[in-house]
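These are the residues of each chain, in order.
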Amino acid sequence: MAINWFKYSSPASFYSLAEKIIPIFIFVALILLAAGLYVGFFVAPTDFQQGEAYRIIFIHVPAAWMSMFLYVVMAFWAGIGLAFNTRLSSMLATAIAPTGAMFTFIALWTGALWGKPMWGTWWVWDARLTSELILFFLYIGFMSLQAAIDDPRRADKAGAIIALVGVVNIPIIYFSVQWWNTLHQGASVSVNQAPAMASTMLTGMLIMVFASWMYSIAVILKRTRIIILERESHTAWVAELQKKGALR
Amino acid sequence: MNWSSWTEFFAMGGYGLYVWGSYVVTFICILGEIFIISNRRRTLERQYGLTNGLNNKETKNETTS
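As you go down the protein sequences, you meet chains A and B in turn.
Count the first sequence with my numbering and you get residues -11 to 236, in order.
Count the second sequence with my numbering and you get residues 108 to 172, in order.
So that you can see chain A by itself, here it is in the shape it has in the complex (with noise of 0.2 Å):
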């Protein structure tokens, strides 16, 4: 029995299967982000340096990571879509973008308020946070880039265009702490040697990455459903599903 890889590549197909996985995502995510804030606030230790303010970091690295994970996606599903000319994939590209703008923006709003009472000022010129203010430039460049252009086929190939040039950024933000050896903390928690954070401190942060992976595959499904269903009005299993009063 061979299995069709491509079954769920169909706009059709995927609209369907996302409306069945999205709310066992939601309800995964809720639970984590419970548990997360719990082990946040009432496990982890006060820290000695820092007292209570490095709390902060529950949101601000969950936000850091997945602000640059969700581009490298975006930038996959969008040069995949170009390569292949599989519409299904930039619509992926496009649903993607607004949320990994909104988690740029937590990332440097959550940094500025840690960097207050510990750095002494909101904001620095420092290398790793000029390369996430560009990302998050690239974000709304690309999503107002994609709203400039009518027709949505040609709004995915421009799109596509400054996804993949932009990807370069990624690295740059990764490793700058390493190359600028500016002001901001280096990593640490790496796949290379052993996290040098507190146990709970470090379970309760990554309980919260998990928990936003959740959340932003489960919005990033919906908006993915929401845009099939805005550039497919006119085909025939739109009609049919709207016949049957299955359009969910």
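These aren't lab readings, by the way, just hints derived from the structure by calculation.
Please note that the accuracy of each hint is not assured.
Unchecked claim - Covered by chain B, according to a simulated footprint, are these stretches of chain A (three or more residues, beta-carbon under 8 Å):
id, stretch
1, 89 to 95
2, 102 to 116
3, 206 to 216
To be verified - Computed cross-link-like contacts, SDA-like style, restricted to lysine to any residue with a CA-CA straight-line distance of at most 25 Å:
id, chain 1, residue 1, chain 2, residue 2
4, A, Lys8, A, Ala(-10)
5, A, Lys104, B, Trp127
6, A, Lys104, B, Trp110
7, A, Lys104, B, Ile135
As the list claims (entries may be wrong) - Computed, partial: chain A to chain B, Cβ under 7 Å:
id, residue
8, Ile14
9, Gly39
10, Glu40
11, Ala41
12, Arg43
13, Ile44
14, Thr98
Cβ coordinates follow ideal geometry from the N, Cα and C atoms, glycine included.
Based on the hints, put chain B in the right spot on chain A.
Chain B in isolation, oriented as in the chain A frame:
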């Protein structure tokens, strides 16, 4: 249990402004995004001339007649 009272919890060791300033804005962003999406969904369904209720009634009449 790090906090002995709610006031201490909200004071957050003197960093309350920064910690709660971060958490409140984050939740506002997330709730905002959820609201924007459901709003977009509602306008789309209005464009399709269907609300779930209306749609079911139509199809039911068709099948029965």
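Each hint tested on the structure:
| no. | hint | result |
| --- | --- | --- |
| 1 | 89 to 95 | holds (count 3) |
| 2 | 102 to 116 | holds (count 3) |
| 3 | 206 to 216 | holds (count 4) |
| 4 | A/Lys8 with A/Ala(-10) | holds, 24 Å |
| 5 | A/Lys104 with B/Trp127 | holds, 14 Å |
| 6 | A/Lys104 with B/Trp110 | holds, 24 Å |
| 7 | A/Lys104 with B/Ile135 | holds, 21 Å |
| 8 | Ile14 | violated, 10 Å |
| 9 | Gly39 | holds, 4 Å |
| 10 | Glu40 | holds, 3 Å |
| 11 | Ala41 | holds, 4 Å |
| 12 | Arg43 | holds, 5 Å |
| 13 | Ile44 | holds, 5 Å |
| 14 | Thr98 | holds, 4 Å |
Comparing the model with each numbered hint stated earlier shows that hint 8 is the single one that does not hold.
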